[in-house]
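Just so you know, the sequences run in chain order A and B. Quick note: the first sequence, position 62, residue 44 per this note's numbering, numbers continuous. Quick note: the second sequence, position 229, residue 228 per this note's numbering, numbers continuous.
These are computed hints drawn from the structure, not numbers from a lab. If you're wondering where the values come from, they're calculated on a predicted model, not measured in any experiment. Backbone N, C-alpha and C define an ideal beta-carbon position, used for all residues, glycine too. Don't take each hint at face value.
[Claimed, not checked] From chain B, some residues computed to sit far from chain A (all C-beta separations above 10 Å): (1) Gly28; (2) Glu36; (3) Thr40; (4) Glu63; (5) Asp111; (6) Thr142.
[Said to hold, decoys possible] These stretches of chain A come out as covered by chain B in the derived footprint (C-beta under 8 Å, 3 or more residues): (7) 8 to 16; (8) 22 to 32; (9) 60 to 67; (10) 122 to 129.
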Amino acid sequence: MLSGILLKVSLVMALGLAGVSTAAQEAVALHGDVKVVRVAEQNGSQVETLEDPEKVVPGDRLVFTTSYHNGSTEVVENFVVTNPLPGAVALAQVGDFDVSVDDGTTFGELAALEVVSETGMRPAELSDVTHIRWVLQELEPQTSGILTYSAVVR
Amino acid sequence: MNNMPKQFVPLLLASSGFALASAPAMAAGVPAGTLIENTATASYDSGGGTQSIDSNTVSLRVDELLDVAVATRDGALVTIRDSAVLAFSVTNTGNGPESYVLTASNSVSGNDFDSEIDGLAIDTNGNRVYDEGVDTLLANGATSTSIAADGAITVFVLVSAPTGISDGDSSQVQLTAAASTGTGAPGRVFSGAGEGGGDAVVGASGADDDDRGRLAASFASLTLAKTGVVSDPFGGSEPVPGATITYTIRASASGSGDITGLVISDNYPTGTTYAPGTLRLGSANLTDGTDSDAGEAGATGIVVRAGTLAAGANQTVTFDVVID
């Protein structure tokens, strides 16, 4: 009996995995990328460049991007992209997104959020951010865009 | 490589009811080898209802940052007469375990004297005091054992005073700790040399640091002054047979520190005989015999063991002889 149940479970898993290969049928595709910010001195001014993150140490600034593309022929509505921040980084600056400091339960502007501290509630800081979220009302067919946030390695 | 899923830390905190989401405070940053993985999820409404899709997961590994801080643990000047011990802290301010080449230098400009470096020792029992025979000795220029990220050790520098130095002379000794993986300008990369197979990158310290301990020579010097006062049997001061000479030997210590094991001895002048029972150390009478007190008067002279004399203090020995 037990082995029969296990067999069913593994069949379901196999079907689930097979589902991934049909992702091309999804209306929208997401693609993530990450770069590290390098600052170089050029003619006396500081120039920032984005490089592949081959060497990353605490204090480095990373730029995470998520590209989206509506490859369908239909308008997509209520397009919401949620990005949990990796624990090893802290958000570097606010941007065109809402943030959460309570693991994605509530979202808003950072300045409006508070967190529990040893002495009561205190205003939330960049390093408190756990999730960020972009909300786009609709995506026209065959449109693309890039969502970006930057974070510092703790 | 410790692939602790850092991104799950906030979730654990959330389950305890706190909104404190920041990772644990780590002065040196997240440990070398930590994976940073990022995945975005989208949900949207399209024809058939609400759908959800994940992005690919981008992943990168945190490399090892090589940094170190060295600081003297001696709050004040360390006095030296023959030898001394200087204490330093060596802190791994990088984010991975690292060992450091430890080098003490006696040659610092402005030194009145250059002390001799006898060796180094690691504070094995962690009491910040050098314990001979307990703390691990290390040759100057040797490499420490591995220090964990954010960890610190106490390093002792054992020094001796050279000959010919004077009270109050000062000297500095410099201890340098250099990451054994390598040093250089911040940003220099040692490929594949980092924790967990990643790269090691020189941090803001240049992966080496130094600090100085300060020594002050502390010597007490001794001056002896002997005076004699004659009292003749007729109430005068003529050195005639039968007259008594009271000798006073005054020992004075100057400089700084202590004089220890001070022994004052003096022979009776020819043509005189010791007056029994007249030997004194300060105001204390000493018996003539060899016994438990601090002095004795023998057949040819006196010996007084005055012990320790602090700088600025003095001690007086007196005894009488009679002119034959």
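Structure-based check of all given hints:
1. Gly28: violated (2 Å)
2. Glu36: violated (6 Å)
3. Thr40: The claim breaks: Thr40/B does not keep its Cβ more than 10 Å from every Cβ of chain A (closest is about 5 Å).
4. Glu63: Contrary to the label, Glu63/B does not stay out of reach of chain A, its closest Cβ about 7 Å off (not over 10 Å).
5. Asp111: Correct as stated: the minimum Cβ-Cβ distance to chain A is 42 Å, above 10 Å.
6. Thr142: holds (23 Å)
7. 8 to 16: holds (count 9)
8. 22 to 32: With 0 residues close enough to chain B, the hint is violated.
9. 60 to 67: Held - the segment 60 to 67 of chain A has 8 residues with a Cβ nearer than 8 Å to chain B, which meets the minimum of three.
10. 122 to 129: With 1 residues in contact (Cβ-Cβ under 8 Å with chain B), the coverage given for the segment 122 to 129 of chain A is violated.
Taken one by one, the earlier hints fail for this structure at numbers 1, 2, 3, 4, 8 and 10, listed in ascending order.
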